[in-house]
Amino acid sequence: MTTAVPRRSSRSSRRPVWEERPSVLGQLGKGTILTLVTAAVLVPLWVVLVTSLSSAETINQAGGYVIVPREFDPSAYVVIFSGGLIGRAVWISTLITFIGTSVSLTLTVLAAYGLSRSDSVAHRPLLFYFLLTFLIYPGMIPSYLVVTGLGLKNNLLALTLPTAIQAFNLVVLRAFFMNIPSELIDSARIDGAGEFRILTRIVLPLSKAVVAVIGLFYAVGYWNAFFNAILYIDRNDLQPLQRLLQGYILLGQAPPNVGGGAVVHIPGIGYSAPPSLAIKMAVVIVTVVPALIVYPFIQRHFTKGVIIGAVKG
Amino acid sequence: MSAPTLTKKAAEPVTRPARHPRRLRDRLRRDWPLLLMVVPAFLLVLVFHYVPTLGNVVAFQDYNPFAGDSPLEAFVYSEWIGFGNFEALFEDPSFWDSLRNTLAILLFQLVFYFPLPIVLALLLHSVLSPRLRSFIQSVVYLPHFFSWVLVVSFFQLMLGGAGLLAQVVRDAGYTPPDIMTNPDTFLMLVTSQAVWKDAGWGMIIFLAALAAIDPTLYEAAAADGAGRWRRLWHITLPGLRSVIILLLILRLGDALNVGFEQFILQRDAVGRQAAEVLDTYVYYRGVVVQQYGIGAAAGLFKAAVGLVLILAANKIAHRFGEQGIYQKS
Numbered sequence: 001m002t003t004a005v006p007r008r009s010s011r012s013s014r015r016p017v018w019e020e021r022p023s024v025l026g027q028l029g030k031g032t033i034l035t036l037v038t039a040a041v042l043v044p045l046w047v048v049l050v051t052s053l054s055s056a057e058t059i060n061q062a063g064g065y066v067i068v069p070r071e072f073d074p075s076a077y078v079v080i081f082s083g084g085l086i087g088r089a090v091w092i093s094t095l096i097t098f099i100g101t102s103v104s105l106t107l108t109v110l111a112a113y114g115l116s117r118s119d120s121v122a123h124r125p126l127l128f129y130f131l132l133t134f135l136i137y138p139g140m141i142p143s144y145l146v147v148t149g150l151g152l153k154n155n156l157l158a159l160t161l162p163t164a165i166q167a168f169n170l171v172v173l174r175a176f177f178m179n180i181p182s183e184l185i186d187s188a189r190i191d192g193a194g195e196f197r198i199l200t201r202i203v204l205p206l207s208k209a210v211v212a213v214i215g216l217f218y219a220v221g222y223w224n225a226f227f228n229a230i231l232y233i234d235r236n237d238l239q240p241l242q243r244l245l246q247g248y249i250l251l252g253q254a255p256p257n258v259g260g261g262a263v264v265h266i267p268g269i270g271y272s273a274p275p276s277l278a279i280k281m282a283v284v285i286v287t288v289v290p291a292l293i294v295y296p297f298i299q300r301h302f303t304k305g306v307i308i309g310a311v312k313g
Numbered sequence: 001m002s003a004p005t006l007t008k009k010a011a012e013p014v015t016r017p018a019r020h021p022r023r024l025r026d027r028l029r030r031d032w033p034l035l036l037m038v039v040p041a042f043l044l045v046l047v048f049h050y051v052p053t054l055g056n057v058v059a060f061q062d063y064n065p066f067a068g069d070s071p072l073e074a075f076v077y078s079e080w081i082g083f084g085n086f087e088a089l090f091e092d093p094s095f096w097d098s099l100r101n102t103l104a105i106l107l108f109q110l111v112f113y114f115p116l117p118i119v120l121a122l123l124l125h126s127v128l129s130p131r132l133r134s135f136i137q138s139v140v141y142l143p144h145f146f147s148w149v150l151v152v153s154f155f156q157l158m159l160g161g162a163g164l165l166a167q168v169v170r171d172a173g174y175t176p177p178d179i180m181t182n183p184d185t186f187l188m189l190v191t192s193q194a195v196w197k198d199a200g201w202g203m204i205i206f207l208a209a210l211a212a213i214d215p216t217l218y219e220a221a222a223a224d225g226a227g228r229w230r231r232l233w234h235i236t237l238p239g240l241r242s243v244i245i246l247l248l249i250l251r252l253g254d255a256l257n258v259g260f261e262q263f264i265l266q267r268d269a270v271g272r273q274a275a276e277v278l279d280t281y282v283y284y285r286g287v288v289v290q291q292y293g294i295g296a297a298a299g300l301f302k303a304a305v306g307l308v309l310i311l312a313a314n315k316i317a318h319r320f321g322e323q324g325i326y327q328k329s
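Line by line, the protein sequences give chains A and B. Here the first sequence stands for residues 1 to 313, numbered as in the UniProt record's numbering. Here the second sequence stands for residues 1 to 329, numbered as in the UniProt record's numbering.
Treat the hints with care, as some may be off.
As the list claims (entries may be wrong) - Ranges between beta-carbon positions, derived for each pair:
#: 1; chain 1: B; residue 1: 50; chain 2: A; residue 2: 102; range: 17 to 25 angstroms
#: 2; chain 1: B; residue 1: 132; chain 2: A; residue 2: 81; range: 31 to 39 angstroms
#: 3; chain 1: A; residue 1: 70; chain 2: B; residue 2: 215; range: 45 to 53 angstroms
#: 4; chain 1: A; residue 1: 180; chain 2: B; residue 2: 111; range: 41 to 49 angstroms
#: 5; chain 1: B; residue 1: 215; chain 2: A; residue 2: 98; range: 43 to 51 angstroms
Since the hints were derived computationally from the structure, they do not count as laboratory data. C-beta atoms are modelled at their ideal positions from N, C-alpha and C, and glycine is treated no differently.
Make a model of the complete structure from these sequences and hints.
Below is the structure:
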């Protein structure tokens with residue numbers, strides 16, 4: 001993989017002299033395929049976004065989904081965030097994401113650092129202990145019995161603790177920590193720093209970017225978590241957003257707060273009753289948005305992360 | 001053993017240093033903060049990974065959650081029944097349905113999903129403008145970060161009975177096709193969902209492998225008169241070969257995990273006959289109907305078959321002279 005870096009950066013946008021010019025038909029075909037591929041991702045997102053920001057009138061005129069935006073009507077979002085089950089689910093998902101990411105990140109960083117010294121006691125069997133989790137999958141039923149046996153049913157901890165440590169992330173972090181020059185660490189030790197201080201003062205500041213990316217990976221994972229919610233959460237008021245989305249879009253339950261003429265006041269626009277289709281779309285957008293926000297930050301780094309993980313894992 | 005360092009070093013090979021008690025104690029004194037840092041992660045993995053792994057014993061038990069003082073003690077106090085759960089499992093026709101569906105989906109994905117990231121990577125690699133390339137990359141990676149609920153929701157919103165496609169088709173005066181709830185086309189539906197979500201993401205590793213191919217090889221081949229397709233066949237594909245085989249093995253090892261969420265989300269709309277896979281079977285049998293033993297037996301069966309598949313695939317890879325998965329470092 002070492003040759004990948006210089007080649008990528010030196011790769012010019014000019015065609016090498018020895019390569020023949022592509023035919024017009026070939027160019028056209030390639031362009032069409034790539035346009036279709038990108039459209040397959042962008043068009044649904046666009047339609048959902050525009051519909052979520054449309055008023056009842058526009059939606060009725062369009063006969064459903066709106067493709068060309070006519071106005072900016074955020075009333076669906078006002079309804080979502082004005083409380084009720086949807087607002088509650090947004091809050092629960094945020095909470096899970098926040099707590100889960102903090103726990104996961106802290107423990108993964110600690111463990112990755114603890115295992116990063118190639119001469120420390122027992123680091124080899126311990127690493128093997130974590131790597132083995134790649135190969136052995138404990139099974140749904142025993143996991144369910146253990147988690148419920150610990151009394152975590154309908155407890156948000158059931159959505160965070162069982163998935164808190166991802167060996168993949170640990171391996172990536174460890175690989176990064178091992179690349180930090182040992183002279184730096186040795187000199188800190190000579191100055192009397194303990195391991196914890198070395199970690200927080202020297203190693204972490206040097207690896208901010210990687211730690212941030214791993215944190216975002218964890219965060220996206222928690223935000224998207226659905227499986228554990230199905231297994232461990234029955235109570236309506238503890239459902240994360242993904243469960244709600246399932247209810248509204250896939251099971252066709254009507255969004256609450258709509259119907260009986262829920263009218264909301266929007267500053268600058270006046271009163272309006274958001275149509276339920278707009279609310280549905282708004283729930284989709286709210287579920288997508290965190291992934292969209294963190295995406296640009298992870299995107300630069302994940303190619304490297306994936307490759308390290310694939311090679312070492 | 002208070003010898004100076006030099007002699008101690010010379011003596012090491014004889015006294016097997018790693019096992020020497022005094023040295024271990026020294027090392028422990030030096031490394032205990034490192035070990036302490038590993039402890040929390042160690043415990044979490046123990047409780048939520050290794051204990052459940054051992055908990056697979058319920059597959060051989062008539063598990064009774066009320067035996068003993070807690071559901072965890074019930075692992076110890078439940079009655080052992082040997083292979084009774086497996087017998088019950090193998091007599092259940094819906095188990096065989098789910099196994100057949102799982103294998104059909106696996107086969108379908110290997111044929112229609114697996115090659116796509118390679119094709120996409122080749123296509124994108126040939127785009128000359130770096131800006132355009134990175135734009136397309138950003139767009140196609142994106143759905144990987146969506147949850148399955150979102151992916152299925154998008155499909156429902158676009159292709160479902162009340163979706164955008166139906167709206168357009170109805171406006172044109174035709175009857176919209178039944179896509180989201182049709183058991184006959186379910187295989188195609190789930191495969192296209194997997195493609196939409198992850199084909200772009202799967203491209204990353206092939207792009208990296210493509211970038212690692214020495215460009216002078218192409219130049220030399222072109223000088224020797226090899227055309228575009230010959231270069232693809234004799235340089236590019238061999239360059240990707242080991243990655244392709246590695247990913248194929250990994251996919252096979254993961255074969256029976258065709259995905260729980262994607263299927264449980266659509267199981268009711270499409271019907272059990274077509275949409276039940278091993279994972280959803282385990283869930284309904286074990287968690288919903290609470291036949292824990294049978295559910296665990298199905299899970300164990302799945303794990304065993306998966307293990308056999310991955311070992312077999314690896315063996316085949318070795319025979320082809322490839323590295324496979326174990327043998328690293």
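Do the hints match the structure? See the list:
1. B:50 with A:102: 17 to 25 angstroms: holds, 24 angstroms
2. B:132 with A:81: 31 to 39 angstroms: holds, 38 angstroms
3. A:70 with B:215: 45 to 53 angstroms: Given a distance of about 51 angstroms, which is inside 45 to 53 angstroms, the answer is holds.
4. A:180 with B:111: 41 to 49 angstroms: Since residue 180 of chain A and residue 111 of chain B have Cβ atoms about 45 angstroms apart, the given range 41 to 49 angstroms holds.
5. B:215 with A:98: 43 to 51 angstroms: Given a distance of about 47 angstroms, which is inside 43 to 51 angstroms, the answer is holds.
When held up to the earlier numbered hints, the structure conflicts with none and fits them all.
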